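So the chains spell out like this:
Protein chains: 2
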Amino acid sequence: MPQNTENRVDTAKLLARMPLFDGLPQGQTALLAAHSRGMHLSRGEMLFQKGDVANGFYLVVYGQVKLAFPSFSGNEKVVDVIGPNQSFGEAVMLAQRTYPVFAQAIMDTLLIHVTRDVVFDLLENAPSFARRMLIGLAMHNHSLVHDIESFTLRSSAQRVIDYLLQLCPSDGNCEGRIDIILPTSKQITASRLNLTPETLSRILHDLAEAGLIEVQGKRISISNPQRLRVTLAATHMDESHSETSRPRAPKRTLAVAPAKTRANIRCAKTRKPITELWA
Amino acid sequence: MPQNTENRVDTAKLLARMPLFDGLPQGQTALLAAHSRGMHLSRGEMLFQKGDVANGFYLVVYGQVKLAFPSFSGNEKVVDVIGPNQSFGEAVMLAQRTYPVFAQAIMDTLLIHVTRDVVFDLLENAPSFARRMLIGLAMHNHSLVHDIESFTLRSSAQRVIDYLLQLCPSDGNCEGRIDIILPTSKQITASRLNLTPETLSRILHDLAEAGLIEVQGKRISISNPQRLRVTLAATHMDESHSETSRPRAPKRTLAVAPAKTRANIRCAKTRKPITELWA
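These protein sequences, in sequence, are chains A and B.
Position 44 of the first sequence, counted from 1, bears residue number 44 in the working numbering, the numbering being contiguous throughout.
Just so we're on the same page, the working numbering is the position in the second sequence counted from 1, plus 279.
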């Protein structure tokens, strides 16, 4: 059971720092604080289960919360990882549905829970809040559509390259070397991209062999993001693993071979079997 | 180029009938109408391309608009089909992004385009509009998350059964016979479910063979929705075609075999090869 830390957390101060409530008149911040509470989750603690009823939404002060679909086969599909200053659960609360995912802290996390009633009150009386909440939902919507495109039309390699480019500060539009840090564990990153951890490791290995990246744990050096972007564009011309878009022409050989042909792949240079780069 | 039918369409009257603008004060409906225009699309006509800039959003008066990702392999992935009284493009407009999909009329369609400026004006001055728009986006969000679950964790057969149950008036929670009409063509329905038309036909054939449905063109009779729901629940225990959730235990034999094992399947009763049921 998540711990209520009401007495130790100044909810009003934390709320005032959240971009969502920026510029809210002071009276409304006080009202908001009165209908919100801080809560602490330890690593691994569950916040809600799929099917639970939503009576508010959450803001992350620090830590990370994983949103995922449970699966009967014992695995799970991570839909999102929510970090500091981000919110989640607004859509479920507004649509008055039950949670389609479960939420679990993947590190020590401090959250603020804002109750539904005060949200509806603010929507009525604070247009700037309504506008920000709409833009937040719209951005989330946009990223869900991007995920659908990714899962239905992109190969495993394309998904990984696209993800690395998204983590580049300039979205990969530069030619200089860039170091990025993967924000979560290998397991969670793989699930987020709808891959097995083994497939993710193999693709990173292939990209490293092609001289496009260097991998050290969670740190990845991209030698030339623009070159990585060109590789992505080239694979778009050739590959597609989705059922609705099976390629009709024979595939050209790619620096990054499609996952299905790499079951027993060996390194192009050394001819050694692929090993886990990212332990 | 879509035709502007401003002179022949009373935009104000059409807008007043839209649930999104229900209860809007008369002055604001007039303002809205002044910043909106009716437009007619013939079947097959493109409304916008992926990458176009959004300067408003659309409401469908009659007809159907398909939203889809283009694919280099010549196919496409249908994300949504928008029908009468539904809207689209709000998220892209609010997030100030370019369209991630293209939009094409799949039958003769009358649309209303509402420009961004009047939307922001209404968000500022009409809380009921802001609330309705938020709830609309939240519902859309919820359905995108449902699609992601479907594409990443459900087998082809599960996706088809789930879709049929969604089309039942009572969401499949009844035991009596129900007739449903598929709202779009076989091609579009298949793409919407991320299947090839052939796979969709095979699954419908299997379900018919199992006595769960009868298919006549776009009309499908579900003999007992509750039984179909039980079949779906049973397949959840066994199957999963997603890469992240490959089943670890041997599969039990199912009434509806997984798509991958049905390449050359024959009818269980007659031993004849599967033929197209849904021409």
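Hints are computed from structural coordinates only; laboratory data are not their basis.
For clarity, every value in this text was computed on a predicted model and none was experimentally measured.
Take the hints with a grain of salt, since some may be wrong.
Partial list, derived from the structure: chain A residues whose beta carbon lies under 10 Å from chain B [what the hints assert, rightly or not]:
| hint | residue |
| --- | --- |
| 1 | 72 |
| 2 | 86 |
| 3 | 128 |
| 4 | 130 |
| 5 | 135 |
| 6 | 140 |
| 7 | 151 |
Residues of chain A clear of chain B, computed beta-carbon distances all greater than 12 Å [claimed, not checked]:
| hint | residue |
| --- | --- |
| 8 | 49 |
| 9 | 110 |
| 10 | 126 |
| 11 | 131 |
| 12 | 154 |
| 13 | 176 |
| 14 | 220 |
Label pairs and their calculated CB-CB ranges [claimed, not checked]:
| hint | chain 1 | residue 1 | chain 2 | residue 2 | range |
| --- | --- | --- | --- | --- | --- |
| 15 | B | 500 | A | 169 | 49 to 59 Å |
| 16 | B | 496 | A | 167 | 40 to 50 Å |
| 17 | B | 328 | A | 166 | 17 to 27 Å |
| 18 | B | 304 | A | 19 | 27 to 37 Å |
Backbone N, C-alpha and C fix where the C-beta goes; we use that ideal spot for every residue, glycine too.
Taking the hints in turn, this is what the structure says about them:
| no. | hint | verdict |
| --- | --- | --- |
| 1 | 72 | 5 Å, holds |
| 2 | 86 | 15 Å, violated |
| 3 | 128 | 9 Å, holds |
| 4 | 130 | 4 Å, holds |
| 5 | 135 | 5 Å, holds |
| 6 | 140 | 6 Å, holds |
| 7 | 151 | 5 Å, holds |
| 8 | 49 | 15 Å, holds |
| 9 | 110 | 25 Å, holds |
| 10 | 126 | 9 Å, violated |
| 11 | 131 | 5 Å, violated |
| 12 | 154 | 10 Å, violated |
| 13 | 176 | 26 Å, holds |
| 14 | 220 | 21 Å, holds |
| 15 | 500(B) to 169(A): 49 to 59 Å | 56 Å, holds |
| 16 | 496(B) to 167(A): 40 to 50 Å | 48 Å, holds |
| 17 | 328(B) to 166(A): 17 to 27 Å | 23 Å, holds |
| 18 | 304(B) to 19(A): 27 to 37 Å | 31 Å, holds |
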